[in-house]
Amino acid sequence: MTTVERVRTAIASVDDPEYPGISVVDLGLLETLDVTLDGHVVVGLIPTFSGCPALSMIANDVRAVVGSVDGVSSCDVRWLGAPAWTVDRVSDEARQAMAQEFTVAVRIGVEPVSCPRCGAPTTETSLFGPSRCRAVHSCPACSEVVEVMRSSSGGRA
Amino acid sequence: MGRSWASMVAFEAFLDDGGIVEVDDDMPDAYRQAVFAFIEMHANSELMGGLTERDWIPKTPGLRHKMAVLAKTQDEIGHGHLLYMVAADMGIKHRREMLEDLFAGRSRFHNVFHYRAKTWGDQVAISFLVDAAALATQQAVFKNCSYGPYRRILKRIITEEGFHMRMGEERMLLIAEGTEVQRALFQASLDDWWWPALQLFGPDSQPDDVLLRWHIKSERNEVLRARWVQKFAPLLISYGFTVPDPDLVHDPEAGTWTSGPIDWEPLRRTLAMGGPDSARRIADAAANWADTGWVREAMDHAPERAPGPAGAAV
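Chains A and B, in that order, are what the protein sequence lines are. Under this note's numbering, the first residue of the first sequence is numbered 1, with each subsequent residue one higher. Under this note's numbering, the first residue of the second sequence is numbered 158, with each subsequent residue one higher.
Hints are computed from structural coordinates only; laboratory data are not their basis. Bear in mind the structure is a predicted one, so any value in this text is a computation, not a measurement. All residues carry an ideal CB built from backbone N, CA and C; glycine is no exception. Be aware that one or more of the hints could be misleading.
Every beta carbon over 12 Å from chain B, so not counted as near; a handful from chain A, in silico [to be verified]:
1) E5
2) L30
3) G44
4) G51
5) G67
With the C-beta cut set under 7 Å, the calculated list includes, among others, these residues of chain B facing chain A [said to hold, decoys possible]:
6) V243
7) D246
8) T316
9) V386
For reference, chain A alone in the conformation it holds in the complex (with noise of 0.2 Å):
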């Protein structure tokens, strides 16, 4: 393995701190990675929503696994600006654990939710969810309270 192919392998380890399980590389987050050739690394991330409170901790979940890999000398994680994240980014794993894990359903463009319960389609009740990455559905059919990932750019998903 490359040092940038081990990079990526440890940075794919670390969870998201709101979704144990699911890795921040799963969400979409990783958007560049550059190691040069005295092993100095640069991660370059993308939050969900730019006031997301869990991102110190994961660049610091990233910079600690990061800077075990062996070959590299030191690590730099930064923020980026742009590309804006959106739900498009998430892996199809990611959206299958999280609607078997967490309830928790993703959706794309203007496609009906399915209800990740009974997979009737669901319908909003709010706009505003835990987080402002979710919003909230329930479910016609089954009565579940359903939870729904939307892109924080896009206005309504």
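Take the given structure of chain A and dock chain B to it, following the hints.
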């Protein structure tokens, strides 16, 4: 209609086998009432907690901590929102009735929200001690909760509360490594908040506690409380602070820390809405509810929004 049970004995056997009750099941009334009351109190506590956090947004020192308090406020209000939905689905009270009962002082919320957070030191003590206590009680419910919709919501709430606890630890370390003035501020807050945080667990569980029998709680109050003392007493002492319990017992052989006798009178007063800050807190929440009446009015009469990505800006 979902499943039904011929008798309470059959229902309890179902629960003892690890059965999970869903909202459309024909559950016994006593179970429905007990679960509803428990979730309603949890929802009320999230909302009252969120309102307290909100009060601290302008007063929180430093941009990074301010961001965290903003997000925590949204977390708590959002948790309240989810929990009121789950509670309302049980068909006992509408969401609005629950809120009106809360703001009229007719329904309960956690004891810690009957006290006033006067200083930043208080906020640090709350996020360090109280958030950990609340998380421990929620984890103990989640572990074995027989009511499915609550159990699934709790899983998400717990991950976020765990995140709050990490923020509390970070704040505590910062103040513990601070100046003498900062450390004295935090010690004064510990003196005020140690006992309310400990009392959040409640008095020893009764042998006939239905919350335990029906697998809503999975652990006895005194067990959770003892575990919390065991963790936090030595931690605070290791940072050079004093635990305000003159009868705290440390057994170096067994490595245990046990609290002295607990005066439950302050807890009883909060349950009767007679805590040191109960009246002001409830009046504040009620005023907030009244002030935001026009939003509900507008929402009640709003036309259906057109679907699609170009809808209302947020």
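Broken hints, by number: Hints 4 and 9 contradicted; others consistent.
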